[in-house]
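Line by line, the protein sequences are chains A and B.
Numbered per our numbering, the first sequence spans residues 1 to 111.
Numbered per our numbering, the second sequence spans residues 112 to 278.
Derived by calculation from the structure, the hints in this document are not laboratory data.
Keep in mind the model is a prediction, meaning the values are calculated, not measured.
Possibly wrong hints are sitting among the right ones.
Derived lysine-lysine pairs resembling DSSO-like cross-links, with alpha carbons at most 27 Å apart [stated by the list, open to error]:
1. B:Lys-276 / A:Lys-110
2. B:Lys-247 / B:Lys-235
3. B:Lys-198 / A:Lys-110
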Amino acid sequence: MPIQYYIYLCLTLFSIGIIGVLTRRNAIIVFMCVELMLNAVNLLLVAFSKMHHGVALGSSPTTMVGIEGQIFVFFIMVVAAAEVSVGLAIIVMMYRNTHSVDINFLNRLKN
Amino acid sequence: MSTTDILFYFLSALAIFSAIMVLVSRNPVHSVLWLILVFFAISGHYILLNAQFLAIVNLIVYAGAIMVLFLFVIMLMNLNAEAEPQKHMWMKLAGVISGGCFLMVLVSLVRQATDMQNKSVLMKTGDIGLIKNLGKALFSDYVVPFEISSVLFLSAMVGAVVIGKKD
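Could you build all of it, start to finish, from the sequences and the hints given here?
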């Protein structure tokens, strides 16, 4: 499978995430769209890792080139899990104070 | 057209359709369920790329843990389609147009990039995605970031408890 197909797929998913962040006002949906963007990047990292591995496999059959990409995806998942727990706690706190998850309420942070 | 191609197109179409449905659906619970479907499609892609460890971790961590957390929070707040705040029509249109422009610019960039020409992704074979090799790399070369991530988890846990505490 050409690498371009994976890039197009991941760009589409990433753009859908961006559109979601721009068009929705529900803070939880915005947060879910950020997760979607993270997953698009993860898929692209794995695709690139396999691309480099396929190139290096031609010269030596036991090479481990490209494993860094998958390790990186693993760490992105770790950080995303930590980020979701803190972010949802912040959203719950915001709901407790304003009885709404509308992100437009957050503009009162500016004064 | 081989089975791998058919699976690739099917999983891609499923992922994109579900991602669009995440945005379109009014009810936040439906959005969460569509997002779980996106994660399943991406896990299918990982299996297609023979990244078995990441496929399972993606299912367990994302579709299992994180999405259940989202569902709990949504059900805790009793959100439904009627309480959903809506943006103005023009704002939605502007968001879609700007996102589409972003996509168009990047796609045209990739089409012209000569680095990407004639490169293909190794499907179904290659053993860097297996648990054995990833575990060896994780516990030998990347053991310090691994331990630091445990500290990160601890601080995130403390932070979530402190923020979520009723005072």
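Quick rundown of the hints versus the structure:
The suggested pairing of Lys-276 (chain B) with Lys-110 (chain A) holds, with an alpha-carbon distance near 24 Å, which does not exceed 27 Å. About 21 Å separates the Cα atoms of Lys-247 (chain B) and Lys-235 (chain B), which keeps this hinted pair within 27 Å; it holds. This hinted pair checks out: Lys-198 (chain B) and Lys-110 (chain A) have alpha carbons roughly 21 Å apart, not beyond 27 Å.
In the structure shown, no violation is registered for any of the earlier numbered hints.
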